[in-house]
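Please build the complex by placing chain A on the supplied structure of chain Z, with the hints as guidance.
Here are the chains, one letter per residue:
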Amino acid sequence: MKLIELSNVGKVFSGTINVPVLFDINLTVEQGEFIAIKGPSGSGKSTLMNIIGLLDRPTSGTMKLEEKEITLDMSDKMLAHLRAAKIGFVFQSFNLLPRLSALENVLVPSTYGPTKKNTSSNKKRAEKFLESVGLTHRLNHKPNELSGGEKQRVAIARALINDPDLILADEPTGNLDSKSGQEVLSILTDLHRKGKTIIIITHDNTIASATNRVVLVKDGRIE
Amino acid sequence: MIIHYVTEALLSFWNNKVRTTLNLLGVIIGVTAVTTLVSLGDGLKQEVSNMIEGFGTNVLTIVNGNIDTTTGSTQNANPANFVATDILSLDDVATIEQTPDVSQVSPVSLVPGKVTYRETTATPIIMGVTGNMFDAFEILSLKEGDMFAKNDNRAVAVIGPKLVETLFGSTNPIGESITIKDQSFTIIGLSHEPKLSDLTGSEFSNLVLIPFSQATKLNSEKVAISRIIVKATDSANVNTVRDSIKSSLMANHDGEEDFSILTQKDLLGLFDDFVNLATTLVSAIAAISLVVGGIGIMNIMLVTVTERTKEIGIRKAVGATKTAILLQFLTEATLITLMGGLIGLALSFVIGMAVSYYSPLSPVISVHVIALALGVSTSVGIIFGIWPAMRAAQKDPIEALRYE
Numbered sequence: 001m002k003l004i005e006l007s008n009v010g011k012v013f014s015g016t017i018n019v020p021v022l023f024d025i026n027l028t029v030e031q032g033e034f035i036a037i038k039g040p041s042g043s044g045k046s047t048l049m050n051i052i053g054l055l056d057r058p059t060s061g062t063m064k065l066e067e068k069e070i071t072l073d074m075s076d077k078m079l080a081h082l083r084a085a086k087i088g089f090v091f092q093s094f095n096l097l098p099r100l101s102a103l104e105n106v107l108v109p110s111t112y113g114p115t116k117k118n119t120s121s122n123k124k125r126a127e128k129f130l131e132s133v134g135l136t137h138r139l140n141h142k143p144n145e146l147s148g149g150e151k152q153r154v155a156i157a158r159a160l161i162n163d164p165d166l167i168l169a170d171e172p173t174g175n176l177d178s179k180s181g182q183e184v185l186s187i188l189t190d191l192h193r194k195g196k197t198i199i200i201i202t203h204d205n206t207i208a209s210a211t212n213r214v215v216l217v218k219d220g221r222i223e
Numbered sequence: 001m002i003i004h005y006v007t008e009a010l011l012s013f014w015n016n017k018v019r020t021t022l023n024l025l026g027v028i029i030g031v032t033a034v035t036t037l038v039s040l041g042d043g044l045k046q047e048v049s050n051m052i053e054g055f056g057t058n059v060l061t062i063v064n065g066n067i068d069t070t071t072g073s074t075q076n077a078n079p080a081n082f083v084a085t086d087i088l089s090l091d092d093v094a095t096i097e098q099t100p101d102v103s104q105v106s107p108v109s110l111v112p113g114k115v116t117y118r119e120t121t122a123t124p125i126i127m128g129v130t131g132n133m134f135d136a137f138e139i140l141s142l143k144e145g146d147m148f149a150k151n152d153n154r155a156v157a158v159i160g161p162k163l164v165e166t167l168f169g170s171t172n173p174i175g176e177s178i179t180i181k182d183q184s185f186t187i188i189g190l191s192h193e194p195k196l197s198d199l200t201g202s203e204f205s206n207l208v209l210i211p212f213s214q215a216t217k218l219n220s221e222k223v224a225i226s227r228i229i230v231k232a233t234d235s236a237n238v239n240t241v242r243d244s245i246k247s248s249l250m251a252n253h254d255g256e257e258d259f260s261i262l263t264q265k266d267l268l269g270l271f272d273d274f275v276n277l278a279t280t281l282v283s284a285i286a287a288i289s290l291v292v293g294g295i296g297i298m299n300i301m302l303v304t305v306t307e308r309t310k311e312i313g314i315r316k317a318v319g320a321t322k323t324a325i326l327l328q329f330l331t332e333a334t335l336i337t338l339m340g341g342l343i344g345l346a347l348s349f350v351i352g353m354a355v356s357y358y359s360p361l362s363p364v365i366s367v368h369v370i371a372l373a374l375g376v377s378t379s380v381g382i383i384f385g386i387w388p389a390m391r392a393a394q395k396d397p398i399e400a401l402r403y404e
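From first to last, the protein sequence lines are chains Z and A.
The first sequence begins at 1 in UniProt numbering and counts up one residue at a time.
The second sequence begins at 1 in UniProt numbering and counts up one residue at a time.
For the record, the hints were derived by calculation from the structure and aren't laboratory data.
Think of the CB as a built atom: it goes at the ideal place given N, C-alpha and C, for glycine as much as any other residue.
Possibly wrong hints are sitting among the right ones.
[Stated by the list, open to error] With a Cα cut of at most 25 Å, we get these calculated DSS-like pairs of lysine-lysine:
id: 1; chain 1: Z; residue 1: 77; chain 2: A; residue 2: 310
id: 2; chain 1: Z; residue 1: 194; chain 2: Z; residue 2: 2
id: 3; chain 1: A; residue 1: 322; chain 2: Z; residue 2: 64
id: 4; chain 1: A; residue 1: 322; chain 2: Z; residue 2: 86
id: 5; chain 1: A; residue 1: 17; chain 2: Z; residue 2: 116
id: 6; chain 1: A; residue 1: 222; chain 2: A; residue 2: 17
id: 7; chain 1: Z; residue 1: 86; chain 2: A; residue 2: 310
id: 8; chain 1: A; residue 1: 17; chain 2: Z; residue 2: 142
[Stated by the list, open to error] The following label-pair restraints were derived from C-beta to C-beta distances:
id: 9; chain 1: Z; residue 1: 140; chain 2: A; residue 2: 353; range: 17 to 25 Å
id: 10; chain 1: Z; residue 1: 147; chain 2: A; residue 2: 291; range: 28 to 36 Å
id: 11; chain 1: A; residue 1: 11; chain 2: Z; residue 2: 76; range: 23 to 31 Å
id: 12; chain 1: A; residue 1: 11; chain 2: Z; residue 2: 174; range: 23 to 31 Å
id: 13; chain 1: A; residue 1: 276; chain 2: Z; residue 2: 74; range: 54 to 62 Å
id: 14; chain 1: A; residue 1: 403; chain 2: Z; residue 2: 219; range: 32 to 40 Å
id: 15; chain 1: Z; residue 1: 140; chain 2: A; residue 2: 403; range: 21 to 29 Å
id: 16; chain 1: Z; residue 1: 174; chain 2: A; residue 2: 3; range: 17 to 25 Å
id: 17; chain 1: A; residue 1: 296; chain 2: Z; residue 2: 62; range: 37 to 45 Å
id: 18; chain 1: Z; residue 1: 8; chain 2: A; residue 2: 403; range: 30 to 38 Å
id: 19; chain 1: Z; residue 1: 147; chain 2: A; residue 2: 353; range: 54 to 62 Å
Pulled out of the complex, with its shape left as it was, chain A reads as follows:
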């Protein structure tokens, strides 16, 4: 029976090509916009989840300020704490080193400023770290030369590949000196490109690593820890390690929880929440075009029903029930939106391919995006087709037969 309604509907489309095309267009634009945006959001989440997993699932990051990782809310904390660098201290680092099941602890101290080599200046990220940084933070590793020792005090540096390219070109930088805040540092090693994609890893390529004590010196003798990277012996221990660090640090901080311990799962959760919110907002705006398209379809369906009054009368006289007429018109409306949905989906596949070709982002068209596109377009057809279809079904056969 449905096949019969579908062939009727296709015949009607064929007889009203222009009208059908314009109707399709509205749905196509809406579905393309929604599916493209959702797949971009999914692609971004995938990317970030790969990045965070690249950090290692047994890694914890301790930051200043209290973030509620279950909701991402920072309401109950002083926002200044998040940019503060005097909450976490070297005592805390020592405490964490004593915690069972911790294999590596590396505090990170950021240094503002520029890097100069002869006449060339660059603005990489300057990080003061302990010599075990590469053991704690696995996306970075040594490519050439040496890493400084754990508590090295020398004015030496290890630099990332992007900075090498900016400052040295094809010259070998090992043994050369760079200047940070009038202090000269000898380059002793080079790091690899970070084990991340271009999109999320580039900042770890334009990088200078210097011993932690040198960073303190550059920061006017002030210990400024922006985060502490902790590696647990095994990813199964991450939660126990987090809990013991939390209680010992709270003891250090007079019982106040003015820091946050983020596991990779927490970070992922925070980011997913953000992307979900952004995707939902933008898709909702795009969905408005679907509503507009739907209203257009309703308008045309009402015209169609009036034009075909005589046909409805004839069909009813020869035995069509109200349900049969209703289904005939509803099939027509739904089929057009479903076709629009399929075309829109195909278009967003093409757009997705173009985006991943021309940019580092790869949109993910998942099963749920496909289901969303087809579900939404079918619903638009049903919602905006039902009223015209009901008007058709309610027509009185005698009056409809008299209609010219």
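Only chain Z is shown next, with the shape it has when bound in the complex:
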């Protein structure tokens, strides 16, 4: 099944002058794929990620998620529900909430997702995911008590809590030393093996080469 399908997608940031960022993007991602979107900074790959991640809307073209069209007039609320249910985000700068423990951070998306009422089963799953990324001993630690690699592993557990189809990782190893980066990459590879669709946005060739397909973005176009 086609998980993501972009046809002729364009994005123009309008303001005092209009800045076109993406032109005629055609991209199809099948269910279960492991791909890298690669490109230099300023190439438009972050904007592309925001569109795929339903944080932003394209200004032209069509986008389908699970073969259903994401229309321009879809409400913010609808997009928020889709993000909660279908997409797990992993960010370069981890973006954990500093006041919350590792376990509570993992639980944040569950309070907005389809299982928001089952708090006790959510908690069990959060513990299970933290265990799967090797952080059983860090459940109640705050982000500032964790190393960079540990933070990113908490973020991966958070991305998994609502059991999304797609993991969208934006430079997940960008702020990590090579050893921690390798660990994070092997966790993502492992998730791909278990059937998750994974898109990594990166400009790192070693990361890109670990994936099954590399999509190159340059000057707002796919090459």
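This is chain A only, laid out in the frame that chain Z set:
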């Protein structure tokens, strides 16, 4: 879900203890002031209502001047009439005595002046009354000795316990003579403490009762009736008695209604109106502090929203809707004012206890005061929290995520 927002909010309070305390303080002061004042007003009304019921619900008071008892307005009357003493006459008293279902009529004539016993002087209320006064006005009663007869003309007096204490100390006053305006009166009886609390009854304790005709003599032979106390046979008859007295007195007064017949219910109504007005005014002033507290909360909430832009971005990225963000911040603002309201309410309980311990007034913290305190504090939270919460909800997730 709400539980989740509440725990989030409590966590945020815990992380900003000083800020939270200062915010709370504003609300606490406002709520304490408002609830204390309202409960004092309620206590006063309760007190007066007990007093008026103590007079007996079958008692009517006729006074000079026309008071509109439905509104308390005296607009259509000459204000001089209220202090006049020549409107009601002894003919009126005789007329009222003839009215059916009237059991007692006692005119009251006030005498200005001092009371002297040997070298000691006191300034009690001096009332000229008929001998049936205690039957008409039940809060007073005879304790010792005798009351004078209904139309007694002797120079005798019955005095209240406070005056006994001032003039005689531990000596038995019965048989002694006191002087009012150079006229000597022999004390023949003592009255009980009035059946009222200290707050409203003290004037009936510092009291001299003399026969009505003696009061007329002291007032330079002028009949000066300040009020007529009328007792109906039964409290069910009060309204019919009032209407028949009204029509017969109007006939006596050439059709002019220059007097008022007040039932206890009317008096209560007049007093309640006054206390309600006073309470509302004072509470409104106190409520200003709630508005100031609310603005403080709004200010801090706006700062909080800006500080937590990144958090809002993260939450939105992982699926929070605008409503969820709105509720999170609104819960925070409302919870703080509600907590302030509860603390303020507790404080006004304590103040109320202190007031009733140290003064004759007992503030009443009724269900409606509690509802008022909690309702007002919750509303302050919602009103002043909604705008910051909306600003939080409207943030664009991409820009919010980039915020450092």
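Hint by hint, here is what the structure shows:
| no. | hint | in the structure |
| --- | --- | --- |
| 1 | Z:77 - A:310 | holds, 19 Å |
| 2 | Z:194 - Z:2 | holds, 18 Å |
| 3 | A:322 - Z:64 | holds, 23 Å |
| 4 | A:322 - Z:86 | holds, 18 Å |
| 5 | A:17 - Z:116 | violated, 29 Å |
| 6 | A:222 - A:17 | violated, 75 Å |
| 7 | Z:86 - A:310 | holds, 22 Å |
| 8 | A:17 - Z:142 | holds, 19 Å |
| 9 | Z:140 - A:353: 17 to 25 Å | violated, 44 Å |
| 10 | Z:147 - A:291: 28 to 36 Å | violated, 49 Å |
| 11 | A:11 - Z:76: 23 to 31 Å | holds, 26 Å |
| 12 | A:11 - Z:174: 23 to 31 Å | holds, 30 Å |
| 13 | A:276 - Z:74: 54 to 62 Å | holds, 55 Å |
| 14 | A:403 - Z:219: 32 to 40 Å | violated, 28 Å |
| 15 | Z:140 - A:403: 21 to 29 Å | holds, 27 Å |
| 16 | Z:174 - A:3: 17 to 25 Å | violated, 37 Å |
| 17 | A:296 - Z:62: 37 to 45 Å | violated, 50 Å |
| 18 | Z:8 - A:403: 30 to 38 Å | holds, 32 Å |
| 19 | Z:147 - A:353: 54 to 62 Å | holds, 57 Å |
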